[in-house]
Amino acid sequence: MSLDTTQVRKIAHLARLRISAEEAQAYADSLSRILGLIEQMNAVDTSGVEPMAHPSESALRLRPDEVTEPNQREKFQAIAPAVEAGLYLVPKVIE
Amino acid sequence: MIEKTVAELAKALRAREISSVELTQAFLDRISRYKALNAFITVDANRSLAQARAADARLAKGEAGPLTGVPIAQKDIFCADGWRTTCGSKILSNFIAPYDATTIEKFNAAGAVVLGKTNMDEFAMGSSNETSFYGPVQNPWDVESVPGGSSGGSAAAVAARLAPAATGTDTGGSIRQPAALTNLTGLKPSYGRVSRYGMIAFASSLDQGGPMTRTAEDAALLLNVMAGFDPRDSTSLERPVPDYAATLDADIRGLRVGLPREYFGEGLNAEVARAIEAAIGEYKKLGAQVVEVELPNSKLAVPCYYVLAPAEASSNLSRFDGVRYGYRAPEYDDLIDMYSKTRAEGFGAEVKRRIMIGTYALSAGYYDAYYLKAQKLRRLIADDFTRAFEKCDVILGPTSPTTAFKRGAKTDDPVAMYLSDIYTISVNLAGLPGMSIPAGFDIKGLPIGLQLIGKYFDEARLLNVAHRYQQVTDWHDRVPPGFD
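The listed protein sequences correspond, in order, to chains Z and A.
In terms of the working numbering, the first sequence opens at residue 1 and continues consecutively.
In terms of the working numbering, the second sequence opens at residue 1001 and continues consecutively.
The shape of chain A in the complex, shown without the other chains (with noise of 0.2 Å):
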């Protein structure tokens, strides 16, 4: 059962060979026997199991949708009512959501049932899910490795059969990495695609939540559920949701697949690009042409990105103050006191550089230096994918330059650990849907993932592209040693 997809399942709910209930208890269980992975922040399983007796009522009456039954875990950056949601910090060690996020009410009406809710890095921060407030988070393919993050609990979870999917944020690489770091499909929508009421707030204009699966048809299952206007989000699009899993059988002959030269160059692991070299060789054997493109700006990602999303992250977590939810330092003197205890005793070190450096980038005398600066370069990033996209329909590449890394290997050097994201940033600069899919393993037995672009909206396509490569191989199928 649990080797499933969320496609089987869902088809084994409704032919009723299956209660939700078993399904759903299979998969608590395996969670407290694996609980030394550290995936997940919260478990409730009278909340999980009495969502899934719900399911079965509507399973019975043949009401059931397409996730009806199917136990999903929830990154902990999801708001959900009467669940504690802690984004990994200690500053809401004592949160219990009082309402769903959109995301979270979405999965509640499709029937899908909470499963939990995953760790990660403290308020997304991170590429290694070791910020957390709640330790970090083994990956199953060498559990002294990281599985990547913020969205690692989420990973780990779904990679060592935990739960059959699961969510996701992604904010600079955050799904798209730990999915390349634990053999799993993982899909950043455009920003703009998914709601992002009730996701707790890191960068406003770069956080997109998205699906972490084992393929790319589940990841459009997921993905239908997900998507749609919310009028609940001010920078949510009105705009049609497609049938993503209408599409995925496409034929791809002709397509134009763009190689970008930046993301092949110094830096990267000589067996991520040996992998990548094969997949590009399996397109050509599925009918695609390669096409040269450049991103000329792409080195200048990271150094854009550690001024925007510090100096939006600076403004978004002045609300945690003490005063309406959340931790509050036991002793103070007076209302400044108070603060500052509260947000030096609740945020960990890596939230508190950031939130700094954001206030620094935005403070008189330095903001055009900084933040004005980084403004500009972003355009500049944007422009080069329009170009880019002049001549091709996907980008392909590398997701992370290496496989997983050992815990503790970067926790000393932030600029080392930031280097991590140095392909997916630019993705949410530019606010394009991007994609990591299995690609094979290194030598020693670590996933590698290939990252797909795409065009703005054109999430059907990315996941069409990622599905017929799943169809030739079976690097996706991989389960980790000792968790089958």
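With the rest of the complex left out, here is chain Z (with noise of 0.2 Å):
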């Protein structure tokens, strides 16, 4: 399997990452390469095989919700790139 430069674009896209032209066509180039090197999974037969997807398949804990984390609202935007009273700050997204 190859990706192609459109593909790479959409995947960009979907990623959030702006890659320009000549860029696309090396990420092309070298994401097949990994693709091909992921694709030697296809030769073992894996049907009825459980997935794993955790080392330690035990059922995640519960806590009682209680409050245990102070307000550090202060401390934690003062290391944000734009806030203005205590909001952090994006471009306009509402018209």
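Any given hint might turn out to be false.
Unchecked claim - Here are the simulated DMTMM-like pairs of lysine to aspartate or glutamate, each with C-alpha atoms no more than 25 Å apart in a straight line: (1) A:Lys1299 / Z:Glu50; (2) A:Lys1410 / Z:Asp4; (3) A:Lys1341 / Z:Glu84; (4) Z:Lys10 / A:Asp1337; (5) A:Lys1410 / Z:Asp45; (6) A:Lys1341 / Z:Glu22; (7) Z:Lys92 / A:Asp1337; (8) A:Lys1299 / A:Glu1266; (9) Z:Lys92 / A:Glu1266; (10) A:Lys1410 / A:Glu1345; (11) A:Lys1455 / A:Asp1233; (12) Z:Lys75 / A:Asp1044; (13) Z:Lys10 / A:Asp1412; (14) A:Lys1410 / Z:Glu23; (15) A:Lys1284 / A:Asp1412.
These are computed hints drawn from the structure, not numbers from a lab.
Now that you have both chains on their own, put them together as the hints suggest.
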């Protein structure tokens, strides 16, 4: 399986990565090589095998619904790229 | 002073033969003297010395713990309150962590000193430390060669005696492979043994933090601090933590050592193979029995990993969006443009490749063929180990197929780079503990690592088996020429 630049551009958009035309070609080449490696998986018949998501397959713990963390909004917002009046700023999304 | 192990330093500190301030300053001086190695991304002498002074006060009051006053270099993947924490990436180049990772919190509570943040492959994605935004790291054994990766800065720092010990993280070999390439002892604990809280996530079902030290004894002392249940990590397991130092000397007569035939085949460098054979001879002299085992699906570990790890990474790294912390592109039109430019400018090429592979593997129409298929192979790989461990107590083999390679040798071919981890990756997929210990040198004088793989949560046995070997060999005592 190899990827062309149209597919690479689509994947890059899904991943929110801006790429130039030259980069699209370079990524098409390197990603196709990686997919070539990955496709060695097809050599093995895995029908009837239960997928393994995780090494420890115990159920996730629950904890009591109690407040455990203090509010540290000022400390956390001090490292944000843009804040105003306690809010994180992003480009306008609603007209 | 710089020649002493963690165990010896801790003893000298408790006996008040040296102070933590003197010791910390001595290592800070070496860090600045050997700056060309590029082992550290951030050094903050004032912060380190303040911790050293606090440790000296504790020592004076006789309140010292096993690591009080010992400087430890921390991989720059662990958030440390007030420290810049970059994960080797431009996207976190201005990120001052506002909290401590559990590992940092535990070292602080033990009285250890944070001796700077070590260089690493960007987001731990690499096997040579060449993907770091902060530049490559030199291997002290050959400054033109790589120190391995992703914990390459930690490896170079300890090997060059810029730190008595360091932390690393291992997703597919990132503690063990650099340990092998720099003549160190490196331990990747079982999945769930060491908290991942505050350790910047790469592939959450594979990542584990662990110690990188000169001896198995030191690794035991560090693991004693790092291991344990943490309610803030949903995958942390509630199992008792033994004293890993207490069983180091246990007799290993009758120990069943499994040799997987798949680890000694094509692709293994002949000098590495000879060193591993010699180590097997040492274990026989110590009374171990050697048995052959099979891991028939090992050759699928690399392809399986390069679906699962990128898939998890593509999800984990979606949090870097330029909104709450980290780098934001200076110019953009709208929200999508801001995300896309921030991430394009903030991430390096290897990270982007892996995000795209993961995005593709998880996308509609491809999920079953890639992600689900890889999860099924993961089961087969884990089952191989379960069967092998019916016949043996530990598995032994090489850590890496070759010794350290030259910088630039594999940067144009991601697939060639990925194969550096051919013997380490399956251990992460299965969630087992694995270790690399020094086992000799090749003709060029480059270190060779021996890998030991244990049963789930059997770290104490691995450390014991490693320690007994280190008592009858002196490979681990060798210092890179020019750094003694």
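Hint by hint, here is what the structure shows:
1. A:Lys1299 / Z:Glu50: Within the cut-off at roughly 20 Å; holds.
2. A:Lys1410 / Z:Asp4: holds (24 Å)
3. A:Lys1341 / Z:Glu84: Answer holds: Lys1341 of chain A to Glu84 of chain Z is near 22 Å, not above 25 Å.
4. Z:Lys10 / A:Asp1337: The hint holds at about 15 Å.
5. A:Lys1410 / Z:Asp45: violated (32 Å)
6. A:Lys1341 / Z:Glu22: holds (16 Å)
7. Z:Lys92 / A:Asp1337: holds (12 Å)
8. A:Lys1299 / A:Glu1266: holds (11 Å)
9. Z:Lys92 / A:Glu1266: Violated, at roughly 58 Å.
10. A:Lys1410 / A:Glu1345: holds (24 Å)
11. A:Lys1455 / A:Asp1233: holds (22 Å)
12. Z:Lys75 / A:Asp1044: Holds, because 21 Å separates the two Cα atoms, which is no more than 25 Å.
13. Z:Lys10 / A:Asp1412: Holds: Lys10 of chain Z and Asp1412 of chain A sit about 24 Å apart, inside 25 Å.
14. A:Lys1410 / Z:Glu23: Holds. Lys1410 of chain A to Glu23 of chain Z sits at ~20 Å (cutoff 25 Å).
15. A:Lys1284 / A:Asp1412: Between Lys1284 of chain A and Asp1412 of chain A the Cα gap is close to 42 Å, so the pair fails against 25 Å, i.e. violated.
Going down the numbered hints, you'll see the structure goes against 5, 9, 15, while the others check out.
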